[in-house]
Amino acid sequence: MFSETAKKELEEIRLKYPNARAALLPALYLAQREFGWLSPEAYEAVSSLLGVPKAITRGVGTFYAMYKHKPMGRNIVQLCTNVSCMILGAERLVDFLKIKYGLEPGGTSPDGQFSLVIMECIGACGTAPAMLVNDDFYENLTEKYIEEILEKYK
Amino acid sequence: MIKVTINGKEIELEKAVTVLDAARSAGIKIPTLCYHEQLEKYGGCRLCLVEVEKMPRLQTACTLMVTDGMVVRTETETIANVRRSVLEFLLINHPLDCPYCDKAGECELQDLVEKYGARAGRFTEEKRKVPESLEDPVLVRNMERCVVCTRCVRMCEGVQGAAALGVISRGGHSHIEPFSGGKFECEYCGNCVSVCPVGAIMSRLHRHSYRPWQLVSETETICPYCGVGCTLVAQVRDDVIKRVVPRIGTPVNNGLLCSRGRFGYEFVGSKERLTSPLIRKKGVLEESTWEEAISLVAKRLGEIKAKHGSDAISGIASPRCTNEDNYVFQKFMRVTLGTNNIDSTARTGYAGAQAFIENIFGQGSTANLIPGLANSDAVLVAGGDPTAVNPILGLQIRACARRGGSILTIGHVKGLRHYSPVELRPALFRETLALEGIVSALKNKKGLPGSNQILEAKLKDINTTPQEAAGACGVTEKDYAAFVDRLSGAATPAIVIGKEIVQSSGGNYKLFLLAAINYLVNGRIYLLSERANEQGLLDMGCAPDLLPGYRPLAYAEFRKRYETAWKTAISERPGLSIFGMIDAAKQGSLKAMYVMGENPVYNLPNSRDVEAALQKVDFLVVQDIFLSETAKLADVVFPALSWSEKSGTFTNMERRIQRVRKAVSREGMEDWRIIAEIARNMASKFHYTGPEEVFAEICKVSPLYRDLTYEEIEKGQSIYPYKGEPLRSTLEGISVDKGTGAVAASRFYLRLERPLFHSGTLSRKAAALVNIYSGALARISAADAVSLGVKDGDVVRVSTKIGSLELPVAIDGAVEQSVVMLTNNFEGKGAFGLAEYAVDPVTGAPVIDCNAVMIEKVER
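Those protein sequences? They're chains X and A, same order as listed.
Heads up: take any position in the first sequence, counting from 1, add 119, and you land on this note's numbering.
Heads up: take any position in the second sequence, counting from 1, add 141, and you land on this note's numbering.
Quick caveat, the hints were computed from the structure, so don't treat them as lab data.
Any given hint could turn out to be false.
DSSO-like cross-link-like pairs, simulated, lysine-lysine; straight-line CA separation at most 27 Å [as the list claims (entries may be wrong)]:
no. : chain 1 : residue 1 : chain 2 : residue 2
1   : X       : K271      : X       : K187
2   : A       : K619      : X       : K126
3   : A       : K383      : A       : K422
4   : A       : K619      : X       : K135
5   : X       : K189      : A       : K268
6   : A       : K864      : A       : K879
7   : A       : K324      : X       : K173
8   : X       : K173      : A       : K383
Using the sequences and the accompanying hints, generate a full structural model.
Encoded structure:
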């Protein structure tokens, strides 16, 4: 369920838009934050709080790749493997994550701490390889640096 | 004037329409797939692409509006190539399983491919494999065949308003799904099935048992369920109704149906149908011949009439039977048996409410056109959920909301919850205060119009303050005032009144208040009607105080008119109401009862008491299509023909007369014919060869229907007041009985659920409807479930003073606190077995809202 603060946040979001449907995208982000992913319960909660039919809510959510439709780890690692990052060793970093943390692309580590999403270009080509952990940005990655970073999120 | 040239043909148009409409008006066909005349334009399938001079690219004809001087070509080589390519893309994933698909023969994709080609695509990749979804009891979803035209989604959301379907995912992964991914859990109107151009969403009823071209006969008739009177087309193979479909352009439903209409027809072919007359011999019902049963009934009724007098006999007419059946029945009661003891279950609300409203505003004041609701700028709903009781009427209210009209409700109306309703939710037994508040506020705001002195005199004493009224509804005065403002600001308001108001304590006073609101805002009233011919049977005179043509029995001149026509004296004593009959039976003064197509033992409140009463009647005759609870008590049972096996007319709640036509045949007699046979055996002259003759007599004797014929009805000239005379009466007074004012003293009260998927005891023999909603439930609010310590599915014992039932709990967000909602549709589990009633002194309706209930969890 939505926490009371999240409900309040949702109300504030709703007021920014002319109608309930227009508020769906931020509302679904909020639900994703609250539930970890867009589970059927998350959709139902958004639907009943906004008064938008369930099927419509789910139709909107499934259109966008940035909503998660399966349970995710507590932290989401989004690593770029596009041209610059790839040249500077991003693929080795993918292997490193697999060996060190058991983290497969699109999967979740066995301890539930991290999920790995492979990203296309996050606009950090000059300082590649780069990744996002949740909303935090990291660049010039090495295996050692990644280890240090992920330690902070455990 | 706009001039366009399409394929060299000059077309003149009054106003701008789409290129597609312009072409169609000139008889030029443009292929379409996502376009559907009932739906919003979409422009998604690209099949209607046309060349327009001076426009660089091909344009979609379904969305492009014509302009003066436009030159369009719809069939060129380029266009044919494009269409072939579009179809080739659609066939990438389509399984081409036409030999197995029920849609083959009426599939739009099949027809288009046949015309434009692309029989085999150049794609070598494997086709998408998605198993057919058979999780739903009524609908089957095949996403391999889907072409994602989104017609079903647009129908479900934009017209039906259920929004149960969505396009899930995107691009090549797009597919149509209900929220659950499996079961639809929707309103089951099946309108998605109607608009699906391919075999992606289909009905499971009679699946794989016919080909569209084998449905050799189809009959346009009227739905047997509610009082809206939708036209439906019964399609038949081998004398079995295989499916029921709507037709675009019909007056009330225009291409739409609800779950009952579309999926509820299977009772016709039920194995439980009665096949031969039954006579009780030594306490057991045994099969007999028609002759024996008819002569026995004639003899016994004759004896009882001679020994105890005419008024020891009574009759119950049927809102499921045609006008012709009901006319002959009341004539039999009045002429052959000589009594006005005739009534029906219309007495449980509709009849009394209509008489009350018509007394104030005149005859025909409730005969308002249903599609007109969509054009209102405000609709006030009180006493029920129109989207469940009269679904197609409910759609018009939703359409009104979509067009920007205000939806105002007294109480929570589940089916309108997505339509931004402005709600007043009065606490238990405080509705009166809420309504009085509205009347007082409107009076102050708008003043009295001065056209109805008698009504206005009665309004003088209504001075409920906004504080009191708002308090009764648990809202702020500001919110209360906002509700009233919406109502008073409306130019074309409509008031929709359901049975819950009529059957509540002080129901007549609440009706009066609603009538007062209607008067003050100059609105129009719609009375919800649960049965197909509830209005018709009243018009036919199946009421203790009415003669055919809705003429009061009390006036000697009307009696005289019918005495001349029928060549018999008519008793001037008004007869017993249906509740009066039950009381008379209990006291032993009623000796015989004739029940035509009704099940009073189940459909009247306090049904066990009714059962005991009918057991005391010396001679009980029942005509029905099933061995109902009432038929089981009878001395003689006649098997009747069902609605689809006979011809006649129904009159809907708009008072529109419509033709019921025979779709399938069955051995047996229509209700009117059985009665006419009995009458002839009692030396009455009842000589009719068919329903036309009965109708001709009705139109001859009744001033309301003067000179109307079946032909004229079929042409659509059948809207009230037809060619006849409505009754012109002057308002002499309004009698209102406020009652003592019930107060909430118990923890729980019984309320009746009127579900979308069921209707009386007919729908329980319709397999599809039973599959959708299969058993009785006790619906309670989430808060009450917590306080009772029960969860969904737990069994509880629901008891009142007169009985108890064990039922599974269903937690329902739409149920108010302190209320338990039960249905009255399932065998042995009827809410009316628990409900005591008192008769409203003005409307004659049963008051059933005071039944205190105990709920306890049954430990297993």
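Evaluated hints:
1. X:K271 <-> X:K187: 23 Å, holds
2. A:K619 <-> X:K126: It holds: about 25 Å lies between the C-alpha atoms, which stays within 27 Å.
3. A:K383 <-> A:K422: Roughly 39 Å between the alpha carbons, so the hint for K383 of chain A and K422 of chain A is violated.
4. A:K619 <-> X:K135: 24 Å, holds
5. X:K189 <-> A:K268: 26 Å, holds
6. A:K864 <-> A:K879: 39 Å, violated
7. A:K324 <-> X:K173: The hint holds at about 14 Å.
8. X:K173 <-> A:K383: Given that 27 Å is the threshold and the Cα spacing comes to 33 Å, the pair is violated.
Comparing the model with each earlier hint shows violations of hints 3, 6 and 8; every other hint is respected.
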